[in-house]
Amino acid sequence: MRKIAFLYVLRQLAWGTALVCVGLTCVIWLTQSLRFVDLIVNRGIDLAAFASLTLHLLPTYLIIVIPIALFASVLFTYNKLIVDSELIVLRAAGLRPQTLAGPAIVLALMLTVLCYSITLYFLPHSYREFKDLQFLFRHTHSAVLLREGVFNSLGEGLTVYVRERAGNGELFGILMHDSRDPEQSVTIMAEHGKFVRTDTGPKVILINGNRQEVDDATSRLQLLYFDRYTVDLGDLGQAPGYRWREPRERYLPELFFPESSYDDQNNKGKLIAEGHQRLISPFYNLSFLFLALACLLSGDFNRRGQAMRILTAVGLAIAVQFLGVGLNNLAAKMPVTIPLMYLNALLPIAFGYHVLATGGLRKRPIPAAEQEPRAG
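Per numbering that gives the first Met the number 0, the sequence shown starts with residue 0, numbered consecutively.
No wet-lab data here; the hints were simulated from the structure.
Among these hints, one or two may not hold up.
Straight-line alpha carbon distances no greater than 16 Å define the calculated EDC-like cross-link-like pairs of lysine to aspartate or glutamate that follow [claimed, not checked]:
#, residue 1, residue 2
1, 269, 231
2, 193, 231
3, 269, 253
4, 202, 245
5, 267, 245
6, 193, 155
7, 332, 263
Computed Cβ-Cβ distance ranges for the label pairs, DEER-style [as the list claims (entries may be wrong)]:
#, residue 1, residue 2, range
8, 346, 79, 53 to 63 Å
9, 32, 268, 30 to 40 Å
10, 95, 36, 51 to 61 Å
11, 28, 214, 55 to 65 Å
12, 213, 51, 46 to 56 Å
C-beta: ideal position from N, C-alpha, C; glycine also.
Please construct the entire structure, taking both the sequences and the accompanying hints into account.
Pasting the structure below:
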């Protein structure tokens, strides 16, 4: 009977956790993806590249979503089992709260291992890929940052107006003002043109237009008509060679043992705090789990509902989550507070286990006069 009950509860918990995790992840992914819509609208990247960019953020979301999904699934599943009297029957059969909590604990341990694989490898790997792609798109696609009907600034001293932009870099109704050379400002107009990339850098090939400049000596306008003219955009589309890697992009050894460079030493506190956060985050699966179990399984069951206990568990979980975020930010500035980060994650586990083992939330027995009358 114990094995059947164990697998029955575990299956419900696993399905519930998976559904909540997928739902929350999709919502967060969609809302966060809106931040990068400008890469499609203004920088011309295709949908496949956009999807690849945003999907690299999934491990960042999962490390937050998985403990919350487990917590919600445990509250829903065990409360449903109580309301349906299934846990009451199991308790009457002699199963202790620790035994009833077994399926949830096993699932939480599995998710803790999964979260460690995310924090130690998949998160820094995927976030590093994300930042590299974002960096690449924002620099090497700068030259196609040409919105129709708007004066676009492409670097210092170069302004471009395009009436219409078509596929493959085709441009129509072009007006350019080039003042990169302070001694020779030039205005160029063309019927159409095309943006191209070459080994020497990005260029714009203009067709059927004119080139205008003012002679400083005579203050007269000089006008040159052309059939074909090329404007060199210089290093506008070349990405800078150096980019400091953020704490979230780094693996654990890089966080605890930063290099001697100025940027690393200047952000040493943030790097070390991030390293400890990577070790602590998976434990929130167990922290939230034991808070939920302590509130629902300790003491007597009430078939009329566990609303107060559920609200208590939710309030405690929110407090632990917000305190963890605050301590992480504080630890970056005050390393002496790092032990508090571990205490915040481990104390709920110890508290929840103690309550389950001792029935610390057991309520006083309900007097017979206050009990619901039985039918028949």
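Hint check:
Proposed proximity of residue 269 and residue 231 is contradicted: the alpha carbons are some 42 Å apart, above 16 Å. Annotation: proposed proximity of residue 193 to residue 231 holds, straight-line Cα distance about 12 Å (limit 16 Å). For the given pair, residue 269 sits about 12 Å from residue 253 by alpha-carbon distance, which is consistent with the 16 Å threshold. A threshold of 16 Å between alpha carbons decides the hint, and for residue 202 with residue 245 the separation of about 33 Å lies outside it, so the pair is violated.
A distance of roughly 11 Å separates the Cα atoms of residue 267 and residue 245; the hinted pair therefore holds under the 16 Å criterion. Distance check on the hinted pair: residue 193 and residue 155 sit about 21 Å apart at the alpha-carbon level, beyond 16 Å; violated. Under the criterion of a C-alpha separation no larger than 16 Å, the hint pairing residue 332 with residue 263 is consistent with the structure, at around 14 Å. A hinted range of 53 to 63 Å is violated for the C-beta pair residue 346 and residue 79, which are about 28 Å apart.
With their beta carbons about 31 Å apart, residue 32 and residue 268 fall inside the hinted range of 30 to 40 Å. Restraint check, residue 95 to residue 36: a C-beta distance of roughly 54 Å satisfies the suggested window 51 to 61 Å. A C-beta distance of roughly 58 Å is found between residue 28 and residue 214, which places it inside the suggested range of 55 to 65 Å. At roughly 48 Å, the beta-carbon separation of residue 213 and residue 51 lies within the given 46 to 56 Å, and the hint holds.
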